[in-house]
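Following the UniProt record's numbering, the numbering of the sequence shown begins with 1 at its first residue and continues without gaps.
Fair warning: there could be bad hints in the mix.
In silico EDC-like links for lysine to aspartate or glutamate, alpha-carbon gap of 20 angstroms or less [as the list claims (entries may be wrong)]:
1) Lys108 with Glu183
2) Lys52 with Glu120
3) Lys52 with Glu155
4) Lys17 with Glu155
5) Lys108 with Asp185
6) Lys67 with Asp49
7) Lys108 with Glu166
8) Lys108 with Asp49
9) Lys67 with Asp11
Label-pair ranges, simulated between beta-carbon atoms [claimed, not checked]:
10) Ala75 with Gly28: 34 to 40 angstroms
11) Leu118 with Pro23: 16 to 22 angstroms
12) Pro117 with Asp185: 45 to 51 angstroms
13) Tyr15 with Gly63: 25 to 31 angstroms
To be clear, the hints were calculated from the coordinates, so they are not data collected in a lab.
Backbone N, C-alpha and C fix where the C-beta goes; we use that ideal spot for every residue, glycine too.
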Amino acid sequence: MSSAMTAPVSDLASYLKVRRSIPAIQLGAPGPDEETLSQILTIAARVPDHGKLAPWRFILYRGEGAKAAGERLAALVAARNPDARAPQLDAERQRFTRAPLVVGVVSKPQPNHPKIPLWEQELSAGAVCFNLLHAAHAFGFAGQWVTEWVAYDAEAGEILGLGEGERFAGFVHIGTPMQPPFERDRPDVPSLVSDYR
1 MSSAMTAPVS
11 DLASYLKVRR
21 SIPAIQLGAP
31 GPDEETLSQI
41 LTIAARVPDH
51 GKLAPWRFIL
61 YRGEGAKAAG
71 ERLAALVAAR
81 NPDARAPQLD
91 AERQRFTRAP
101 LVVGVVSKPQ
111 PNHPKIPLWE
121 QELSAGAVCF
131 NLLHAAHAFG
141 FAGQWVTEWV
151 AYDAEAGEIL
161 GLGEGERFAG
171 FVHIGTPMQP
181 PFERDRPDVP
191 SLVSDYR
C-alpha cells in the first residue's frame with residue numbers, strides 16, 4: 001500500500017533533475033507573503049533530525065531590518081579598514097537587500113549531547129538550507145544559498161543576531177527570478193560511485 005510519501009512523484013523528480021540556484025542579485029520582488037513564508041519555513045524544517053533536537057533556527061532579514069543589518073556591517077568594515085572605499089561599503093549595505101527576503105539558517109547544536117553527535121546536528125542544519133530552497137521553488141520563487149565572510153566572522157555574527165555557540169549554516173536569498181538561470185557543469189556521477197567489496 002502506498003501513501004502520499006511513498007507514491008512516485010513525477011513532478012518532483014522532474015524538478016530535482018533540473019533544479020538550479022539563481023544569484024541573489026537576480027532575485028526581485030515580490031517575495032513570499034506571510035502565509036506563504038510560514039509554509040516555506042514549515043517545509044524547510046521537515047528534515048532528518050536525530051533525537052528531535054531541532055538544532056537550528058531562522059533569522060529573517062527583510063525590509064528595514066535588512067537595511068539595518070547592512071548599515072551595521074558597513075560600519076564594522078569601515079571601523080576595521082578606514083581606507084575602505086565607497087563601493088565596498090555600499091556592497092555591505094546592500095548585502096541583505098539584494099533579494100526581497102534573506103533567511104539566515106542558524107546552526108545551534110548541543111555539542112555534548114549523549115546520543116547525537118555534533119556532526120549529525122550540523123548536517124541537519126545544512127539539510128534545512130537545502131529544503132528551504134526546495135520549498136521556495138515549490139511556491140514559485142527562486143533562491144540562492146550562500147555564506148560569504150559574514151557567516152564566519154564572530155563580530156558580524158553578533159551583529160546579525162547569533163547567540164553563544166551558534167553559527168550560520170547559510171543565508172538563503174529568496175525572491176522572484178528576473179531572468180532564467182544558466183546551467184553549469186555537473187559532476188560525472190558514475191566516477192563518484194563505487195561498490196563496497
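Verification of the supplied hints:
{"no.": "1", "hint": "Lys108 with Glu183", "result": "34 angstroms, violated"}
{"no.": "2", "hint": "Lys52 with Glu120", "result": "12 angstroms, holds"}
{"no.": "3", "hint": "Lys52 with Glu155", "result": "30 angstroms, violated"}
{"no.": "4", "hint": "Lys17 with Glu155", "result": "39 angstroms, violated"}
{"no.": "5", "hint": "Lys108 with Asp185", "result": "33 angstroms, violated"}
{"no.": "6", "hint": "Lys67 with Asp49", "result": "33 angstroms, violated"}
{"no.": "7", "hint": "Lys108 with Glu166", "result": "5 angstroms, holds"}
{"no.": "8", "hint": "Lys108 with Asp49", "result": "13 angstroms, holds"}
{"no.": "9", "hint": "Lys67 with Asp11", "result": "37 angstroms, violated"}
{"no.": "10", "hint": "Ala75 with Gly28: 34 to 40 angstroms", "result": "27 angstroms, violated"}
{"no.": "11", "hint": "Leu118 with Pro23: 16 to 22 angstroms", "result": "32 angstroms, violated"}
{"no.": "12", "hint": "Pro117 with Asp185: 45 to 51 angstroms", "result": "34 angstroms, violated"}
{"no.": "13", "hint": "Tyr15 with Gly63: 25 to 31 angstroms", "result": "30 angstroms, holds"}
The structure shown violates the earlier hints numbered 1, 3, 4, 5, 6, 9, 10, 11 and 12.
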